[in-house]
Structure formats: structure tokens, C-alpha cells
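Novice: Based on the hints, put chain Z in the right spot on chain C.
Protein chains in written order, with numbering that gives the first Met the number 0: chain C, 0 to 649; chain Z, 0 to 649.
Mixed in with the good hints there might be a few duds.
Quick partial rundown of chain Z residues pointing at chain C, CB under 7 angstroms, derived from the structure [unchecked claim]:
{"#": "1", "residue": "156"}
{"#": "2", "residue": "313"}
{"#": "3", "residue": "389"}
{"#": "4", "residue": "390"}
{"#": "5", "residue": "393"}
{"#": "6", "residue": "569"}
I should point out that these hints are in silico values taken from the structure, not numbers from a laboratory. C-beta atoms are modelled at their ideal positions from N, C-alpha and C, and glycine is treated no differently.
Protein chains: 2
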Amino acid sequence: MMRKARISDPFWTPYERLVRETVIPYQWEMLNDRVPGAEPSHCMKNFRIAAGLEEGNFGGFVFQDSDLAKWLEAVGHSLASHPDPELERIADEAIDLALQAQWDDGYLNTYFSIEAPEKRWTNLTDCHELYCAGHMIEAAVAYYEATGKRKLLDAMCRFADYIDSVFGTEPGKIRGYDGHQEIELALVKLYNTTGNERYLKLSQYFIDERGREPKFFEQEWEARGQTSFWNGGAKAAKPHHEYHQSHLPVREQTKAVGHAVRAVYMYTAMADLARLTGDTGLLEACRKLWDNMTTKQMYITGGIGSTHHGEAFTFDYDLPNDTVYAETCASIGLIFFAQRMLQLEADSKYADVIERALHNLVLAGMSKDGHNYFYVNPLEVWPEASAQNPGKHHVKPARPKWYGCACCPPNIARLISSLGDYIYTADEKTKTVYAHLFIGSEFTLHLGDVPVTLQQQSSLPWEGNVKLQVSPKTATRFTLALRIPSWCADRPRLLVNGAETDYSNAEKGGYAHIDREWSEGDVVEWQLPLRAEWIVAHPEIRANAGKAAIQYGPLVYCLEETDNGKPLASLSFGPDSTLHARFDPGLLGGVVVIETEGRKADENGWSGENPYLPAGIIQAASRVKARAVPYFLWGNRESGEMSVWLRFQA
Amino acid sequence: MMRKARISDPFWTPYERLVRETVIPYQWEMLNDRVPGAEPSHCMKNFRIAAGLEEGNFGGFVFQDSDLAKWLEAVGHSLASHPDPELERIADEAIDLALQAQWDDGYLNTYFSIEAPEKRWTNLTDCHELYCAGHMIEAAVAYYEATGKRKLLDAMCRFADYIDSVFGTEPGKIRGYDGHQEIELALVKLYNTTGNERYLKLSQYFIDERGREPKFFEQEWEARGQTSFWNGGAKAAKPHHEYHQSHLPVREQTKAVGHAVRAVYMYTAMADLARLTGDTGLLEACRKLWDNMTTKQMYITGGIGSTHHGEAFTFDYDLPNDTVYAETCASIGLIFFAQRMLQLEADSKYADVIERALHNLVLAGMSKDGHNYFYVNPLEVWPEASAQNPGKHHVKPARPKWYGCACCPPNIARLISSLGDYIYTADEKTKTVYAHLFIGSEFTLHLGDVPVTLQQQSSLPWEGNVKLQVSPKTATRFTLALRIPSWCADRPRLLVNGAETDYSNAEKGGYAHIDREWSEGDVVEWQLPLRAEWIVAHPEIRANAGKAAIQYGPLVYCLEETDNGKPLASLSFGPDSTLHARFDPGLLGGVVVIETEGRKADENGWSGENPYLPAGIIQAASRVKARAVPYFLWGNRESGEMSVWLRFQA
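With the rest of the complex left out, here is chain C (with noise of 0.2 angstroms):
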């Protein structure tokens, strides 16, 4: 088998080494509780119990069983584009070691095979059993695509068989579905690979049968005795459906609520479903959902989640920079969606928040050497307030190492190994294909019989020369849609073999279509204008009236205390405060640095006796300079105030 895109990226191959030399065999170490001074995982040990290896409780997270499968199918992006035989190996022998645990009847789990097997499906509510063999499916998809391999597969093809058997509307089936969705976008991946359209009917029955009055997790609640799992099996309040998604059927959904992460694990399988079935209706809550989501409630870094509290979405325009939750996992399932839904419609704006979410808070979520990770995704900190305002204790102001719950970690590896799946989709019916983003690589697909090959070559994020050359194997007809990035102040210039090109009559859905015979070496050049700016929000964003964010292409960038003193807030700046860029090689690895001209609060006249003077009696702040640095880098340096909104005066 062939990995439809190879990366080969100056600014990308690194992150991709660093997952494939750093991550992954540090996520294995931290599988099997070798990492001196981290909290163990109790992963690979859970496996063993339960497969009966060794004998011990179960540790750790009901859901620790993802670990295993995330990391399983980051190894198979990874192998499909950089065999390695000793970690398949590894990756054969984990496999093994984790079927061992399954039983007879396709179920894998090993909290349950180890605590309660008796309670299989009686908690769908708080147990991610289904999952957790979401999970485990894409990682034998992963595998199988990259490998051939078809154990895992076929064990969870067994498994998902089972499940079919164990959920639906027929008499005698739990009339169910889990309380994190995951399983549903999981079954349609099995679907493609295996084509067994069981697969999809039962995605499908999750998605229809969800939200539906009589409610499932009340009623299951109510056989349970009204418990819960999280507090130790004591009686606890009912199932908060908007938590879980499933306060309305999902097609009557308009609004982003709830737990992030289940959320756009939900939209990314509605969309699939909606593009293989033709569900307009569907469609249609895939992009209001959409729409709420990007326009009222996400943040400029693509973050989502403004609050801790059930690591969720509160309401439209509620996007404060301190206390925001901007879960790492949560912006990899936003680009999960954007993914599906570019292909049911070439639209940029999905490309975008791809573009925004990647380079921004996915790759802020890691530290540049992958050994510390963040869960939240502050846009403002203080560290002081993080350690002693416990309503910011949840925003760290440094990367901790492995948390207990590691779900982030591993997220990042599968999306940064299969990276090349997010570069390109192709219109068959219009012999189209689209380039969504900008990332040196290669690329093969089929337009009708004539296998093309696109290598792309760019130097973003950090200048803007991008150059495709297109080779198909014979002479053919298509059209190539490149994306015009909404971060574009003026017109990307176009060569086709170095011949300025007009494509202003040929723009659509943001894209500019390039429609010709292409021959073997044609090469097109696509040259954005990458220019640092400043950024408004929306009025109704209150958190961000009277600041400014700075932008450089696709990077939102923000200042740090160690280049520009604290209290940052004292900072103003307004549009005299020209932007520079400037690229500096000795900074975090080589960065472009943004410079400007701003104004500082002088804490002279405050006598420290009274602080609350009038503002006639105040000195007029000073001029200083400023330094932003990409947001996706903080915190590599000393630990300090960090802020992307500045004040600033229009």
C-alpha cells in the first residue's frame, strides 16, 4: 500500500520527525509506565491483566484503553510514510498483546473484562466503552492501510459485528449510544476500507437514534439506580444531555453545546454520513453547526471550548482569553471536521480553520522538543493567577509533562503523522482537485484512469512562495483549485509555467480554478503576500474590545514576558504601531518575529497607598518596544505573562 501524500516540508518534516522519533517512542515508554517521575498510565499493564498475563487491578482513566489504539494508529500513519521495521514490530507485538484481551465475542475492553464484566453496556453514559472501540477501529484502519496487515482489522471488524448485534432499534437490542461520540466517525472509516455497508448503517443508527425522546442516558440512568460512575456509584443528578449532545435529535441541532470534544467528534460523523448517504438534512445541521461554531465560538488561535466546566462550549460570542479551556483534542477534532465537510464542498472557509487550527493551537498544544503537552490553550496568563485564582487553575502557564488523562498527546501524533490527508481532495465529477493547504509534498491520485502527481513545494509559514508541479501520466484535462487563504490582504500573484496568470474571473468558493490541459512537468506558482496585521474581533466579543491581535499569514502571534516585562497589560498599542517582520535563525529554532512600537503604563506617581487615582494626575505612558513571537511557540522560554489580544486603540 501507498500513502496518498508524502510530506516533504521545511517547516513540517521536522514536526513530522519529531512524532515519529520523539512521540511515538516516548508515548510507548509512557504506555508501559517507563518514564521516571510521570504518572504512570497503566495502559499496556491494563492489557495484560486483562488478557491474563499478570494479575492486578485496573488504573487510571475508565477510557485508558485509547491510549493504546491512538498511538497504534499514530504508528500507522508513520509507517505509511516511513517504514520502520522495529517499531512495526513493536506495534505487532502491542497488537497481540491487546487481542489476547478480547473475548470470544468480539468485545475488547479492559476496564470492564478486569472490574465488571457483568457490566458491559449497563453505563454507556460515563464508560466510553464504544469509545474506546472507536479507537481501536481506527487504529486498525491506520494499520491496515500502512502495513496490509490485517489482524487488527479483522478483530474489529469482529468487534464491530458484535456491537451491531448488541445495539439498534430491533426488539431485544439496547436502543443506546455512547456518552463520548468517537464510535460513529470510527465505524465509517471501517466502512471505507472494508466496504461492508453494516458499518455505516450502524454509524448511522447512532447518529438518528441520538438525542430521541424517551432520552437513552435517563432511562439508563434509572435501570442503574440513578448513579453515576464519577462519583464512586453514588446516587448522582441525571445525565446533562447538552453535556453529551444528545438534548435533540442532531438535525435539530443548530447551536455548538457541551463537551467540545464530543461535540465535533459528532459533527465530523454527520458530515461523512451526509456525504455518503446524500442526507440533506444532515447536511444542513453540519453547516449551521459549522457556522455557529466558527463565527460565535471560536477563538482567533481555532481553539474552541470557552469554559472548564465540562470542558465545553458556553454561548455565542462568549470567548474569554484567561479562563478558556481551547482543548488541544477538541482543535484536532475541528480539523477532523473541516476535513469532511471540504469533502462535501470546496469551500476555503473550511480550509482556513483547518489552516488556523493546525498551525496555531495543535502545534501550541506540544512542546518544541514533544515531551510536554498542553490541555488548555490559553490566549492570556498569568501565572500568578493560575497558581492562586482558583478559577484559572486549570490554565497552566507552562507545558506540564503526561497528564493521567492523555488524551491530547497522542491526538496531536495521529494528526501530524497523516498530515498528508488534509492537503488535497479531489472532485471527481468536475475533474477537480482542490489544494487546501500550502505543504511541501507528494501526491498521487487518479482523475478517471490518468494517475496524477502533484509535488508541492512552499515556504510557509514564513514567506509565501508556493510552487506545484503537476505530472500526470498522460496529457489530461482537469481543473487545479488553489485556495486563497482569507489571511490574503491582497491578490496571491499566479504563474502557470511563468506566465502571469488572471484568474480573477475564474474565483470560486475561494479558490482560484486553474483549467487547462496539464502536461508532464507543468509547474504553477502561487505566490501569497504574507504581511503582519493587526486583527479586530467582533464587537460582540467582549473580552476583545479595545484590543488587537497580531497576524502574520496563517500565524496568530502573541507577546511574552520575557521579550516585553510584565505586567503585559500595561502595553497599548494603536495604529501608529507599525509591524515589522523579521526573520531571526537564532530564535526558538528560527522564527519571524513581529517588532513594533507601543506605549507603557509608568507606575511612577503610584505611591502604592491608593490604587484607584484620577486619571488627569497619571504620567502619560511611555514609548517602548515590542516583540510578538508565533503563539504556536510560547512557552519554550522562561515561564511568564503571555497575552495574543493587546490593547490597542483604533
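Specialist: Frame of chain C; chain Z shown alone:
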């Protein structure tokens, strides 16, 4: 007996009347569970059950007895200035009933009497036994001083004697102190009224013992099996010492920490003891705690407590406006502390804080009709966020009715009905009478043998004319010291018997000292220049960076949505936003409103598609008029956004 000062003031008399005619009767109905639609208090019912007059279980919070105590104290203060035989009869009956629940040894607490008599004094950390005792002692003192009736006073002396037999350093005694400070300041009052030094020493013991090693709360927690009262007696973490201000011996404390009400009640007793015992270590600690609290942890409204987690202080300069706690009771306690500091040393900074907290935060705590109360007093409200962002659920956009925990309403009642105690202090040694607050009133004190009557008239807070008629029984020399409020932009004018008087060489500690021989009928005029001003906050207070508030004399102002539309954050002001004060007789019962002009960010140009756009393409803000109303009256019209701190470009 006669009250020392009797209020007669166009601004304050209506409040005093509201408390007397509305709040006290309404609260009595509340205590008796007779307010339709309100959560039952259970308070009087608990006393009936504990007295054996009724069957049933204890209801309400473990400290519910204190509601009756605070009500009786308010009644005492009110009767002192406004005799009311019917109210006195009701109070007498309430006292008779309450004392039927007193044990033979003096103990009085309905929770333990009803639910767990054998558990007396086993959980001081959580159960408020001494706190409730303290409030009943305060009630006894106030009621005795108003009516001369000794029944409750004698009963509380018996209770205090019993407490003294239980607690102390002597062998066999419990070496403990209460989880919620209050008994300490109450015992000082009992000492002042009875002259019995035993009570002073007992107060001193509680203060001295607090925070010593080994930590009493930990020993107690171990002894009861590491449980907490608050989670139904289940295992719980160790007591959190900072919350209870038991982290250090009180003399070593330099920063205000933990639960704000507990803190200021303790500081009040510390200041009392410093004055009565001459303990300079205590005085020094009081000064440090005062300075930390009022210069680094106090809101412009006089609110304290930056987080609802533990209703607590956080750390220096952390004063978020929208997630604030700023409990009404905490500012009342702050006023107690300030009053005691004024008795120790005449520094106008203490009186400034009394005035600030009283006129802004405390009055804001109550609706104009006296029926609804804020516990949390935010400086910024976005009603949708209060409803939909869990981190702001504690911030209410409208005053709720009486809560289950009714600490604040009776606390407001007892403060307003004893306001006369805060206007003056006298220093017998230097023969100086200090006028701290400018409130129309009549007050008689003795300087040596000479009774001196001070009749004050004041047009504050709307105008700044203060007139004092000084009437010594016989002509006598002493100093009258008039506070120069910190909000005076220009120097106040002083006229003595109509003659302009220069006091520039007679200023001390923020007071103008008038040292002369006074005769009957001497008149002092003190003309305070009132001016609306933009006030900025110390640059370390990040929440207020780039913002200013409007102050007019002692009053802090705010913008409400009902006057200014929304979002309020889209309004901005600058040095050209001249403030115009105008008395509006039709608004909110007649108030000075402040009018100005600012700019409002335009929502035109925002398509709704992209919430983040380059600053350059956004239309300039348009000029708009804005109207500010006194903060203490916010939330008395239509519910909506409110903000004290407004965007302001210096």
C-alpha cells in the same frame, strides 16, 4: 439609655427608615417562614424544636441561629434611636423563645441541641458553634444598650462563662478556636458592656491561639476520623488553613488570605484587642493586613474577595470584575475593621474606606425596596454569561430574594441601623473630636466633664455642603478634626462662624484640625468640592488596564444597558469625554447622573462570516452619548449589562 448619634439626613434617613419599616419586619417574616415563594429559613422553627415546643428536624444551615441573632441586633440598634413598643414586644418574645433552648450550662445552639447533642464542640472547623454564640452576644449587647433589658445579656454572659470553662490553654480545656471568627469581636463587646475582664481575656485567648502549631483544626480532623461536616460526614481532605486564617499565628500574618468575611471579622477583633491591651505586635499586624487588603486586594467599590471559590481573597492586584465575589458581608466586616482602626489611630484612610464601602458596595447589596439582596457584587455583568458560563453562575444580574444562607440581608440591617456609631471618634487625651463621616446627625459626647453636642447637616452625596453646630454645655477648648476626603480634587473650604479659615498648617493624618475654645452655637461649615472624575487603576491591576471608572464624590458610577445599549464593551472614552453631573429628580428616586460622550464600535462591516478582521478595514467608531448612574443603585431597573470600568484611552 441613649444612643450616641442619631441620624437625621436626607440621604441616610430614608435608608434607616427602610430598614426599620421594611427590612426588619420582612426579615421577621422570613425567620418565621411566612414569606410566600421564599425558601424557608427554618430559623425560629429550629428554636421551637430545640426548646421542646415542637417536633421535627433541624432545618437550614448549621449556622442558621445567627439569623435571629443578627435580626435581634438590628432591632436593638433600631430601638435605640426609634423606640417601638410593638417591635420590642416581638423581640422580647423571640428572646424568651430562644432562651428556652438554652441548656442549663449556658450552651445555646439549635443544630446541636436537635441533631447531635453529644457532638458539641467536636467540629469547630465546620460547625460555627462559637460563631453563632458570638452573634447572639452581639445581639444581647445591642438589645441591652437600647432597652436596658438584661435577660438576653445575662443569658449570654452565662454562655460566655461556660465557653470560657471549655476553651483555653489550661489542662482539660479544649485548646481550640472557631472555624468562622466572630466570637472574638463579640467578647470584646461583652467586655465593654459588662466590664468583666474574663471576656476580654477569652477573646485574647482565641486570637493568640489561632494558627499555632500543632494546628488545632488538623488535630480535630484526625480526632473525628478525617471527616467533614460539609460532605455528609464522609472522609475529606485536611482543613485548608488559609481559608480559616489559621495558617500562621495572627501576628505573623501580613497578607489578607482565605474567606474574606472570616478574615475581616478576625482583623476587627485584633484591632479591638490591640487598642484595649496596648499590644503593639497586634497593631503592627493590623496595619499590615489593612494595607495589603485595601491597597492591593480591594475593588474601587470597597468590595473584597476576588473569587467565589471559598468566597476568598486571591492575591495582590488580582481583581477580576466579572468573576469577582465581593460579598456584601465582607465589606460590612471591612467597615467594622476600619472603625476599630480609627479608634486606634486617626488616619483618614480608614474613614475613606468606610465611606467607599458603605456608599457603594453595601448599599448596592440591597434593592431600593429592601426586598432583594446581592451577596455577590460584580463590577461587570453580562447576563447571558451569568446564565450560560458556569464560571459566572455566582454573579447574578438581578438581586435575588432572600437566600437559604441569609447572612447578608440582616448584616446590612444591623449596619445601617447602627450607622451613628461610625460618624465620630474622640481622643480624650488630646481632647480631639474626629468627624469621619458627613452624615446629618446629632451626637453628644463628654470631653472631660463637659458634654458637647454636635449637630451635623450634610447634603452629601449629591452636594458637598456640611455644617456642624458645636454646642458644649460650657465654653471649652478642644480640637474638632474634620476629615478631608481622599476624593476631594480641590481643598475643601472651611468656615468657622461664617469666617473663612485657613487650615493649611493644621492638617494631620488627613484631617483639618480646628483647635479653639468652642461655645454654644458655634457653627463650622465644611464645603467639599464635588466633581465627576475619571479614575484609573494601578497598572498592576491587569483587569482594569486601558479602563477608567467614573467617581463623583464618594460615589462610584456605572453604565447600565438600559441607558446605553449593549454591548457596553463596545463603548470607549478618552480625555475628551468630559463628565457632566446633573441632578435628575425623576430617576431612581432622584440622583446625580453623569453624562458624557464616547465612541461606539460599529457592527457594520462585520458580515458575520469572520469574527476576526484586519483593524484597517473596520469602520471608525461613531460618537455616542453615555449616561452613568450611581453603582449602588444598579440593577433597580430592567436587567441588562452593567459595567463600572469602561474602556478609556488616556
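Novice: Let's test the interface hint: is any C-beta of chain C closer than 7 angstroms to that of residue 389/Z?
Specialist: 4 angstroms, holds
Novice: Take the shortest C-beta to C-beta distance between residue 393/Z and chain C; is it under 7 angstroms?
Specialist: Because about 10 angstroms separates residue 393/Z from the closest Cβ in chain C, which is outside the 7 angstroms limit, the hint is violated.
Novice: With 7 angstroms as the cut and Cβ atoms as the points, is residue 313/Z at the interface with chain C?
Specialist: 4 angstroms, holds
Novice: Was the hint right that residue 156/Z lines chain C, CB cutoff 7 angstroms?
Specialist: 42 angstroms, violated
Novice: Does residue 390/Z hold up as a contact with chain C if the rule is Cβ-Cβ below 7 angstroms?
Specialist: 5 angstroms, holds
Novice: Report holds or violated for the interface hint on residue 569/Z, using the least CB-CB distance to chain C and a cut-off of 7 angstroms.
Specialist: Since the shortest Cβ distance to chain C is 4 angstroms, the answer is holds.
Consistency note: the structure conflicts with the earlier hints numbered 1, 5.
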